[in-house]
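Chains as they are written, first to last, in my numbering: chain W, 1 to 68; chain D, 1 to 68; chain E, 1 to 68; chain A, 1 to 68; chain G, 1 to 68; chain Z, 1 to 68.
Careful: at least some of the hints might be erroneous.
Capping the alpha-carbon separation at 30 Å, the derived lysine-lysine pairs in DSSO-like fashion look like this [to be verified]:
| hint | chain 1 | residue 1 | chain 2 | residue 2 |
| --- | --- | --- | --- | --- |
| 1 | D | K49 | D | K2 |
| 2 | E | K18 | W | K53 |
| 3 | W | K10 | Z | K2 |
| 4 | G | K49 | D | K18 |
| 5 | D | K49 | D | K18 |
| 6 | D | K18 | Z | K2 |
| 7 | Z | K2 | G | K18 |
| 8 | A | K2 | W | K2 |
| 9 | Z | K18 | Z | K49 |
| 10 | E | K2 | W | K2 |
| 11 | W | K10 | D | K10 |
| 12 | Z | K49 | Z | K2 |
Cβ pair distances, simulated, as ranges [unchecked claim]:
| hint | chain 1 | residue 1 | chain 2 | residue 2 | range |
| --- | --- | --- | --- | --- | --- |
| 13 | G | M1 | Z | V14 | 22 to 28 Å |
| 14 | Z | Q52 | D | M8 | 19 to 25 Å |
| 15 | Z | E41 | G | E45 | 38 to 44 Å |
| 16 | G | D44 | Z | K2 | 31 to 37 Å |
| 17 | E | D44 | Z | Q52 | 44 to 50 Å |
| 18 | G | K2 | D | T12 | 32 to 38 Å |
| 19 | E | E41 | Z | G31 | 23 to 29 Å |
| 20 | Z | M1 | D | G51 | 30 to 36 Å |
Note that these hints are calculated values from the structure, not bench results.
Note that beta-carbon positions come from the ideal geometry of N, C-alpha and C, so glycine has one too.
Protein chains: 6
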Amino acid sequence: MKLSARNMLKGTVVDVVKGATTAHVRLDIGGATITASITNEAVDELGLKAGQKAAAVIKSSDVIIAVD
Amino acid sequence: MKLSARNMLKGTVVDVVKGATTAHVRLDIGGATITASITNEAVDELGLKAGQKAAAVIKSSDVIIAVD
Amino acid sequence: MKLSARNMLKGTVVDVVKGATTAHVRLDIGGATITASITNEAVDELGLKAGQKAAAVIKSSDVIIAVD
Amino acid sequence: MKLSARNMLKGTVVDVVKGATTAHVRLDIGGATITASITNEAVDELGLKAGQKAAAVIKSSDVIIAVD
Amino acid sequence: MKLSARNMLKGTVVDVVKGATTAHVRLDIGGATITASITNEAVDELGLKAGQKAAAVIKSSDVIIAVD
Amino acid sequence: MKLSARNMLKGTVVDVVKGATTAHVRLDIGGATITASITNEAVDELGLKAGQKAAAVIKSSDVIIAVD
Chain W
1 MKLSARNMLK GTVVDVVKGA TTAHVRLDIG GATITASITN EAVDELGLKA GQKAAAVIKS
61 SDVIIAVD
Chain D
1 MKLSARNMLK GTVVDVVKGA TTAHVRLDIG GATITASITN EAVDELGLKA GQKAAAVIKS
61 SDVIIAVD
Chain E
1 MKLSARNMLK GTVVDVVKGA TTAHVRLDIG GATITASITN EAVDELGLKA GQKAAAVIKS
61 SDVIIAVD
Chain A
1 MKLSARNMLK GTVVDVVKGA TTAHVRLDIG GATITASITN EAVDELGLKA GQKAAAVIKS
61 SDVIIAVD
Chain G
1 MKLSARNMLK GTVVDVVKGA TTAHVRLDIG GATITASITN EAVDELGLKA GQKAAAVIKS
61 SDVIIAVD
Chain Z
1 MKLSARNMLK GTVVDVVKGA TTAHVRLDIG GATITASITN EAVDELGLKA GQKAAAVIKS
61 SDVIIAVD
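Next comes chain W alone, as it looks inside the complex (with noise of 0.2 Å):
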């Protein structure tokens, strides 16, 4: 499968907070950390746990620039 999103950076899961619906999951891409907010039925689909192989997918229009 190939998607339009521009950004797929890839990484490791570091832990999975299952909240009651929402679920928090950070992928550490090398140098950074990305969190990601998504539902628990998510989580349970893909198995997600920490250590496993994963990749942050963002469409371009979600990414804000700053400048100092």
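Given chain W, work out where chains D, E, A, G and Z should sit, using these hints.
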């Protein structure tokens, strides 16, 4: 200024392509490139150009997780 | 590849309109049409054209519910 | 009221699961199911419950295209 | 029509700038100006023009909080 | 720090409601209230509490226009 957005990836602007209203900015974050779609006005106001230090700010609710 | 995004609507590309930097892709998902705004680069990389099978991927946090 | 959002998918609420602050609403749009993550307050204000007619509203900039 | 989106800011259209595919609409909400990036098709369909009453609809998951 | 996001609405925090993982923060921007869904971690890191000065940052691609 501090932001609630969980993800701030620091890097260097690779290039800036302005369209009619929407610009694409690519950022080298070291090992990966991030593309952002922002307004031409933002490019002008921030004075974005190749070689400049900048960061990509991404809200965690905009991050999708992918696994093979 | 499996995605955390909860919504994947399969269909056929109706048309692709490229702008200066941003393209609009319409997808017939059977009974409804989905419009996506994506980068011209994504259109080229995926080789999107009318008649092609494709899917619309949408994160559940990007869905608003409306009632009459 | 008319909206600039290009995508409005009409359907019927399948179920509503409220969490601590965030609810998941599933909509049967005929041939596919859409999941929306919305606030508990929105669920209460709209009186969302299974069997109710509703629509999923999605901005085109939030749609990713996938191809095999 | 009622929406799950928590934020609806009423105002008056200041100006509409159409690009090749994407338009920028500015709304005076009284004390502040909101910029929206929407499709040219939406501008046409809603007949948006300066002086018109309109509202900005924003999902709460798309709002970032900033503090000094 | 300067941001590419076109919309920054200054106000005062009305209340903060933390859930299991996701918090809702309401901001009085003078004449209107903005609700933001952010992570509990962001609430803690920014020390958000009622009465505090804060701003809502919103990317223009996340704004929908509505007309009657």
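Against the structure, the hints:
| no. | hint | in the structure |
| --- | --- | --- |
| 1 | D:K49 / D:K2 | holds (24 Å) |
| 2 | E:K18 / W:K53 | violated (35 Å) |
| 3 | W:K10 / Z:K2 | holds (28 Å) |
| 4 | G:K49 / D:K18 | holds (25 Å) |
| 5 | D:K49 / D:K18 | holds (11 Å) |
| 6 | D:K18 / Z:K2 | holds (19 Å) |
| 7 | Z:K2 / G:K18 | holds (26 Å) |
| 8 | A:K2 / W:K2 | violated (34 Å) |
| 9 | Z:K18 / Z:K49 | holds (11 Å) |
| 10 | E:K2 / W:K2 | holds (11 Å) |
| 11 | W:K10 / D:K10 | holds (16 Å) |
| 12 | Z:K49 / Z:K2 | holds (24 Å) |
| 13 | G:M1 / Z:V14: 22 to 28 Å | holds (26 Å) |
| 14 | Z:Q52 / D:M8: 19 to 25 Å | holds (21 Å) |
| 15 | Z:E41 / G:E45: 38 to 44 Å | holds (40 Å) |
| 16 | G:D44 / Z:K2: 31 to 37 Å | holds (33 Å) |
| 17 | E:D44 / Z:Q52: 44 to 50 Å | holds (47 Å) |
| 18 | G:K2 / D:T12: 32 to 38 Å | violated (46 Å) |
| 19 | E:E41 / Z:G31: 23 to 29 Å | violated (41 Å) |
| 20 | Z:M1 / D:G51: 30 to 36 Å | violated (19 Å) |
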